[in-house]
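Student: So the sequence lines, in the order shown, correspond to chains S and E. Position 33 of the first sequence, counted from 1, bears residue number 33 in the working numbering, the numbering being contiguous throughout. Position 527 of the second sequence, counted from 1, bears residue number 527 in the working numbering, the numbering being contiguous throughout.
By construction, these hints were calculated from the structure, which means they are not laboratory data. Ideal Cβ positions, reconstructed from N, Cα and C, are used throughout, including at glycine. Please note that a few of the clues may not be correct.
[Unchecked claim] If you want the ones that stay clear, here's a sample from chain E, every Cβ over 10 Å from chain S, calculated:
1. PRO9
2. LYS53
3. HIS331
4. PHE450
5. GLU634
[As the list claims (entries may be wrong)] Derived SDA-like pairs: lysine to any residue, alpha-carbon spacing no greater than 25 Å straight-line:
6. LYS571/E / PRO150/S
7. LYS62/S / LYS365/E
8. LYS608/E / GLY19/S
9. LYS53/E / GLN179/S
10. LYS125/S / LEU612/E
11. LYS91/S / TYR334/E
12. LYS575/E / GLY17/S
13. LYS365/E / GLN134/S
14. LYS133/S / GLU262/E
15. LYS608/E / THR103/S
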Amino acid sequence: MAISADPLNLIICGVGGQGNILLSGMVGSAYIRKGGFATIGETFGAAQRGGAVFSSVRVSEKREYGPLMPEGKAHLIIGLEPLEALRMVQKYGNPETVCISNTYPVVPAGVSANRDKYPDIDELKEGIGNLTKQCWFLDATAIALELGAPIAMNIVMIGAVLGTEQLTLTPDDIKAQLQESLPPDRLELNYEALSRGMKAVA
Amino acid sequence: MPNLAKLAPDSYHLLQGNEAIARGALEAGVQYCAAYPGTPSSEILTNFAQAAKDAGLHAEWSSNEKVATEAALSAAYAGLRSISSMKNAGLNVAMDTLQHINLATLGDQNGAMLVVVADDPQSHASGDEEDTRWVAQMANAPLLEPSSFQEAYEMTKYLFDLSEEFGIFCWLRDYTRLAHARGRVQVGEYHKADRKAKYDRTKMFTPYIAPPKHAILVEKMAQIRERFEESSFNAYEGPENPELLIISCGSGVLCSRDAIEELGLEAKVGILKLGTLWPFPSRLVVSHIQKAKRVLIVEEVDPYVETHAKAAIADARLSEPPEILGKVSGHMSYVGENNPDKVIAALCEIFGIEYVARDPEYSTKVEEIAGKMVVNRGLIWCAGCPHRASFYSIGNAIKRDGRDAVVTSDIGCYTMDAFPDGTQLTNTLHCMGGGLGEACGFGQLQQFGFKQPVIGICGDSTFFHASITPLVNAIYNKANMVAIILDNSITAMTGFQPHPGTGRTATQDPAQIVSAEELCRTLGCRVEVVDAFDTKASTAMLMDLLKDEGGVKVLILRHACELQRMREERKHPYKVWVEEEKCRGDKCGFCYRVLQCPGVGYDAHSDKAMILEALCAECGLCADLCPSKAIVKEERA
Ligand SMILES: Cc1ncc(C[n+]2csc(CCOP(=O)(O)OP(=O)(O)O)c2C)c(N)n1
Ligand code: SF4
Ligand code: SF4
Chain S
1 MAISADPLNL
11 IICGVGGQGN
21 ILLSGMVGSA
31 YIRKGGFATI
41 GETFGAAQRG
51 GAVFSSVRVS
61 EKREYGPLMP
71 EGKAHLIIGL
81 EPLEALRMVQ
91 KYGNPETVCI
101 SNTYPVVPAG
111 VSANRDKYPD
121 IDELKEGIGN
131 LTKQCWFLDA
141 TAIALELGAP
151 IAMNIVMIGA
161 VLGTEQLTLT
171 PDDIKAQLQE
181 SLPPDRLELN
191 YEALSRGMKA
201 VA
Chain E
1 MPNLAKLAPD
11 SYHLLQGNEA
21 IARGALEAGV
31 QYCAAYPGTP
41 SSEILTNFAQ
51 AAKDAGLHAE
61 WSSNEKVATE
71 AALSAAYAGL
81 RSISSMKNAG
91 LNVAMDTLQH
101 INLATLGDQN
111 GAMLVVVADD
121 PQSHASGDEE
131 DTRWVAQMAN
141 APLLEPSSFQ
151 EAYEMTKYLF
161 DLSEEFGIFC
171 WLRDYTRLAH
181 ARGRVQVGEY
191 HKADRKAKYD
201 RTKMFTPYIA
211 PPKHAILVEK
221 MAQIRERFEE
231 SSFNAYEGPE
241 NPELLIISCG
251 SGVLCSRDAI
261 EELGLEAKVG
271 ILKLGTLWPF
281 PSRLVVSHIQ
291 KAKRVLIVEE
301 VDPYVETHAK
311 AAIADARLSE
321 PPEILGKVSG
331 HMSYVGENNP
341 DKVIAALCEI
351 FGIEYVARDP
361 EYSTKVEEIA
371 GKMVVNRGLI
381 WCAGCPHRAS
391 FYSIGNAIKR
401 DGRDAVVTSD
411 IGCYTMDAFP
421 DGTQLTNTLH
431 CMGGGLGEAC
441 GFGQLQQFGF
451 KQPVIGICGD
461 STFFHASITP
471 LVNAIYNKAN
481 MVAIILDNSI
491 TAMTGFQPHP
501 GTGRTATQDP
511 AQIVSAEELC
521 RTLGCRVEVV
531 DAFDTKASTA
541 MLMDLLKDEG
551 GVKVLILRHA
561 CELQRMREER
571 KHPYKVWVEE
581 EKCRGDKCGF
591 CYRVLQCPGV
601 GYDAHSDKAM
611 ILEALCAECG
621 LCADLCPSKA
631 IVKEERA
């Protein structure tokens, strides 16, 4: 069942360069096409160089909301990277939050340099599980690598989101957005990524 | 990015604030667009460049903000509508020109000029939180600040008309949470503009002689103030007699609305939204202020509205002036961007409300679980970045030279050297052009006993922006220094814009390359060029240049930005892997601990380094430098 909340507060998070901006734009545009409001606040620029990035997406039928949601008010967190998913749960989660996350870790520089420790992936998943009402995990990066296009990981992830039926968006809504944002010769691959993502959570 | 000239009229779109501004300008008939990139302003010009062919625009990436502004000014003199857009720091560069324009006027050909300055509260991508609103007052320019995406579009259109009517440039304040946020905009009709450019050669426009021109300008601003007192960009929403009046502008308006809703204070709190910030609509503010006993001012960074509102109240000599809460009272912070939580906190304090964002038990659980696991993720060069190789060589040369060379750096992706996860070779770091400018100073301290070698760093885009003048200064005044140009053949940090060294214009048309290398030679200094990834040659060359006491030496470390290369080539011709038998794992750790490339990781189970296929860019730097020769780079079959 899709989340029924107005405003609907959605977080898409990950590491700079993973493609959160394309995803937030597709989701926001799809809702506007349905006649609603959507506002997105997100990280751009310098922070894209390997930094933690997130998009705060707010959807409503009533009015325009501000680009940043208040803390503790996320309904759905989409993690393109699992540590980032937990970081967002920490700030924006609540007992009703649901989460869909990629499990492929991108290790921060401080971890490579032995200053910090990247959490054990099973503990990470368990932590997210304990802090959310429901969660789904998939290795979207592995799926994208199988398709020969690691860059399509974000599309696998949006496929997974569709698969969980937490949003009122349909695969056709997202395909319409893909047609607008991608060159025609990339569509086939991205449709495949979408359906692989959907299957991964089925 | 949609082609903004092709959006259907009356339709709704998800537009970035910068796109809303660009579309508004297109509908207003802009024809001449110039800018130098700077986050968060860059997409304004990117959108013009994309629409340029369809819309018949001139769209250029200028070599800096001052030049962009002067170019746009000339277009206005010739009767066109023009725009110059920049980030907050760019305003400082353009200011010498902007300060004069409205004294001189925009001429007599009915031209118009809009300047968009994008501030960056929270310094997401800036060295400071510079609040440029004060400067509009100094330059006598009408300033509007949008509080929504729709308003960004509408204000842009309005300001072109105002500019043409009064013959002065107008100012739109953009900011990160508008510029780089997206929201719903209903666009209007767009018609291709077709004004012809001309200039009446019998006319002269200059700020000289200033006093009489200043008097005319003051009178114009008084007239515009009257307009702004009545402007529909200022509006009140809320109960007739609120207990608290919020006066807000920009990002503060949506944050305030969200906070009021979150706390259920709709019956008690009203919002006076201000869109016209200079000239300040004092009478309007005073008339609303009398609605409530207490007023909270919600704005970003400096107390600009707060200061003007207080002055207006003092001038009005109210018998019972309301209590003004804001930054000075400590209810709002001077630091950082607005968010709903900051307004919620202020409202809670004012109304004595206890607000619990989420179940306290949950919060405790969050801290127990996430608090332990979540680690910081700092900014770092991309896998395959040439700057990683360059800084490795620079560090190596400084160490081997052994005389504690001082490094003055600049603004670009190489700035990340100074961040916590960088190599931190940088000693001083300020603004564009500052790297070579400061090196000029350090390079001329010998008579005071200064014995350390000096390295001034700039990027290729920064070289054209503001580094040529300090280089000339250094050469002429005999500074002893090495200027290093980190030439990745693009303006990378702000999103891969071309510059005069790239051979392409903003509209992707070919252009004659201005060669930094030849220019430096012509200026008369020793110039050496090395591939950044040839760390051996780079190190040896820099050591040699550090020993050379003959004035200014230029070292160009050249290699294309990896992200730009991937954007163009979209392929990985090589394969890189670790030969596990040779890798000494954590006993060495050079590739992941020292180089810190995101493409190489450590596998604790096998105690070996590993190449992360999804992230490695196959540059081969780690393979070249691995002390055990355990990493292999090979061409793909
Ligand atoms: C006055 C001013 N204008 C614009 C900027 C925005 N800005 C920051 S970094 C940068 C790019 C510098 O490019 P380059 O020197 O080639 O370095 P790269 O990022 O390519 O390594 C720009 C334009 C700024 N910080 N200050
Ligand atoms: S964008 Fe280019 S120059 Fe900047 S860090 Fe990445 S590879 Fe280096
Ligand atoms: S070859 Fe090595 S240094 Fe280069 S991107 Fe890959 S892991 Fe990083």
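Student: Are the Cα positions of LYS571/E and PRO150/S separated by 25 Å at most?
Tutor: Holds, because 12 Å separates the two Cα atoms, which is no more than 25 Å.
Student: Given the hint that LYS575/E pairs with GLY17/S, does the C-alpha gap stay at or below 25 Å?
Tutor: holds (21 Å)
Student: Would you mind confirming whether the straight-line C-alpha gap from LYS133/S to GLU262/E stays at or under 25 Å?
Tutor: Status holds; Cα separation ~22 Å.
Student: Check the hint pairing LYS608/E with THR103/S against an upper bound of 25 Å on the C-alpha distance.
Tutor: holds (22 Å)
Student: Measure nothing beyond the straight line between the CA atoms of LYS365/E and GLN134/S; if it is 25 Å or shorter, mark the hint as holding.
Tutor: Between LYS365/E and GLN134/S the Cα gap is close to 16 Å, so the pair holds against 25 Å.
Student: Within a Cα-Cα threshold of 25 Å, do LYS53/E and GLN179/S meet the stated pairing?
Tutor: Holds, at roughly 23 Å.
Student: Checking a non-interface call: every C-beta of chain S should be farther than 10 Å from the C-beta of PHE450/E. Is that right?
Tutor: holds (33 Å)
Student: Measure nothing beyond the straight line between the CA atoms of LYS91/S and TYR334/E; if it is 25 Å or shorter, mark the hint as holding.
Tutor: holds (23 Å)
Student: Measuring Cβ to Cβ, find out whether LYS53/E lies farther than 10 Å from everything in chain S.
Tutor: holds (18 Å)
Student: Sort out whether GLY19/S lies within 25 Å of LYS608/E, counting only the CA atoms.
Tutor: Measuring from Cα to Cα gives roughly 30 Å; hence the hint is violated.
Student: Take a quick look at whether LYS125/S and LEU612/E sit within 25 Å of each other, Cα to Cα.
Tutor: Since the Cα atoms of LYS125/S and LEU612/E sit roughly 21 Å apart, the hinted pair holds (cutoff 25 Å).
Student: Compute the least Cβ-Cβ separation between PRO9/E and chain S, then decide whether it is above 10 Å.
Tutor: holds (16 Å)
Comparing the model with each earlier hint shows violations of hints 7 and 8; every other hint is respected.
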